[in-house]
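Engineer: If you're matching them up, the sequences are chains A and B in order. Residue numbering for the first sequence follows this note's numbering, beginning at 1 and increasing consecutively. Residue numbering for the second sequence follows this note's numbering, beginning at 1 and increasing consecutively.
Any given hint might turn out to be false.
One side of the interface only, derived from the structure: several residues of chain A facing chain B at Cβ under 7 Å [as the list claims (entries may be wrong)]: (1) Cys66; (2) Glu196; (3) Pro202.
Derived coverage of chain B by chain A (criterion: at least 3 residues anywhere in the stretch with Cβ under 8 Å from a Cβ of chain A; other residues may be distant) [stated by the list, open to error]: (4) 133-146; (5) 166-176.
Since the hints were made in silico from the structure, they are not lab data. Here the structure is a predicted model, which means the values were calculated and not measured. Note that the Cβ used here is the ideal one computed from N, Cα and C, for glycine as well.
So the chains spell out like this:
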Amino acid sequence: MAPSPLLGEDGAVPVPTHVEVGRHTHTGVDVLQATTEQHTTGTTTTRVAVTVDGDLEVEGEALEACRLPDERGRVRVALVSAGCAGRNGRIEVEVPAGRGLEIVEVTGSGTHDVRRTRTQWLLDVRLGRDAVLVWPSLPIVVADGADVLRLTHVDLAPGARAVLRETLVLGRAGAAGGRIRSTVRARLDDRPLLAETFVAEPAPLLAGAPAERRLDTLLVLGARLDHPEAMQLEHEGTMLRGPAARVHDGDLGRLVPASVASAHALASSAP
Amino acid sequence: MTDVVGGRRSDGASALLVLAMLADARLPTGAHAHSAGLEPAVQAGLLTPAPPLTGGRGTGHPATRTPPATGASTAPRGGGGRGGEDVARVPALAATRLRTVTATEAGAAVVARHLWLDRRDLAPVEHAWAARTPSPAVRDAARRLGRGYLRLALALWPDDLDGAFPAGSAPPRPLVAGAIGAVTGLDALQVALLVGYDDVQTIASAALKLTPLDPATTTRWVLDLHPAVAAMAADVAHLTDPDDIPSAGAPMTDAWAQTHARTTRRLFHG
């Protein structure tokens, strides 16, 4: 039997010690409802928007933005963290009808030893009709003692597409890692497309566990990516997930260009 | 006590009998062909013992060990293999499902019941459930079960369920269970308990076909999981809005189900 694509090189399921059976590493309670009311103090908001004319607007002080040359009609912007680790942040992204935006993260939004502090990030994405967003995040490192809440809301108008990537790394090699709750809620044409909460808590280090425990997720929303290991959502969307550092054909990042191509293919074939 | 034989749908004894009937494995819905995710997990190596832990074994609970080595049949690791199976992981799997997949299903059933009490459209519940179930293999299994439930339900309560599910639709089992609950006098907690109990019992009985076990052992698992079932049901019983249905993801369950759906060597649909 061919080894599962989700396995490590040694044939073992390399992760996830954090989603093991028998531990309270998941919650049946929706994180979004449980915690948004605490999302109040010390929040910095950054707004990244493309105008209907194709210009870029950036407001807010938490992130510095640098415009890059456009590519395939997409406005490209590099976001650089301005030393806001440990604070709460809200990033609003808006792309109007027919426009494209690519966000390039220059530094990872790693949560470096935010001890005993809850860090909350709300990503609020609104895409107009036939708009395209490409946002392959850098890995989020959840260091020991960190308590991270990440909420990603994506609202897609008909024909809009988004390519998102989220990599959660629980602790550095040899560390138990912190706690993270990541919720993704996407709606397409005002109908639920994806609603998922992933909860990971510090887990004891175990023999056979990989040096890094990570969950790598590639999401294509509003379009589908054809891939043998992909999970096709009920409605227009694809989730590709590698709980291991390596999946079948390498790092999920290598699939981002294909995902973007599928999103654009849909755009060009749209009526 | 009311007269059970002539009992109306709203009385307690009648509802309890309906609940017992629906939870009975002999109900002709095809549920025996399902393992509630156990066979996919076993094929991925759930029962293969973990290699010995290094260092302090402060967390020696079986369920907290490294997840399964895989390819169990071809490449046993750590002295694993048949005979040394770690069967305690079976009830642990059921407990994990109660916090993830099954909580979503029970929540969907509760909301479907609520809406169908007023004969409201159940499509938003199906959309919400599907958005919380990214794995097509998991969705397919739930719909296959739903088909069996629906066929039976439409034979038993054709008038009460008229219009609940458009012809040709493929509702997942929790939606059908919720609608049945609405027309048979089950309350929300009973509907959630039914979904939770059914999942646990499905795993327990499938375990008997997948590995040598004493049926008393698997029944003990079910009994020991009763508090977890009750807690899950209590968590979702108040729900009325599809948006509030729990959405805790289970990446390994999804991955195992996807792999299982591609294999031809299997006893169960999912």
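Engineer: Hints first: check each against the structure and report whether it holds.
Structural biologist: Status of each hint after checking the structure:
The closest approach between the C-beta of cysteine 66 (chain A) and any C-beta of chain B is roughly 34 Å, which is over the 7 Å cut-off, so the hint fails. Of the supplied interface hints, the one on glutamate 196 (chain A) holds, with its beta-carbon coming within about 4 Å of a beta-carbon of chain B, less than 7 Å. Among the interface hints, the one on proline 202 (chain A) is violated; its C-beta lies about 11 Å from the nearest C-beta in chain B, farther than the 7 Å criterion. Given a C-beta distance limit of less than 8 Å, the hint that chain A covers the stretch 133-146 of chain B holds, as 5 residues qualify and 3 suffice.
Only residues whose C-beta sits within less than 8 Å of a C-beta in chain A count toward coverage, and the stretch 166-176 of chain B has 0 of them, not enough to reach three; the restraint is violated.
Violated hints for the displayed structure, listed by number in ascending order: 1, 3 and 5.
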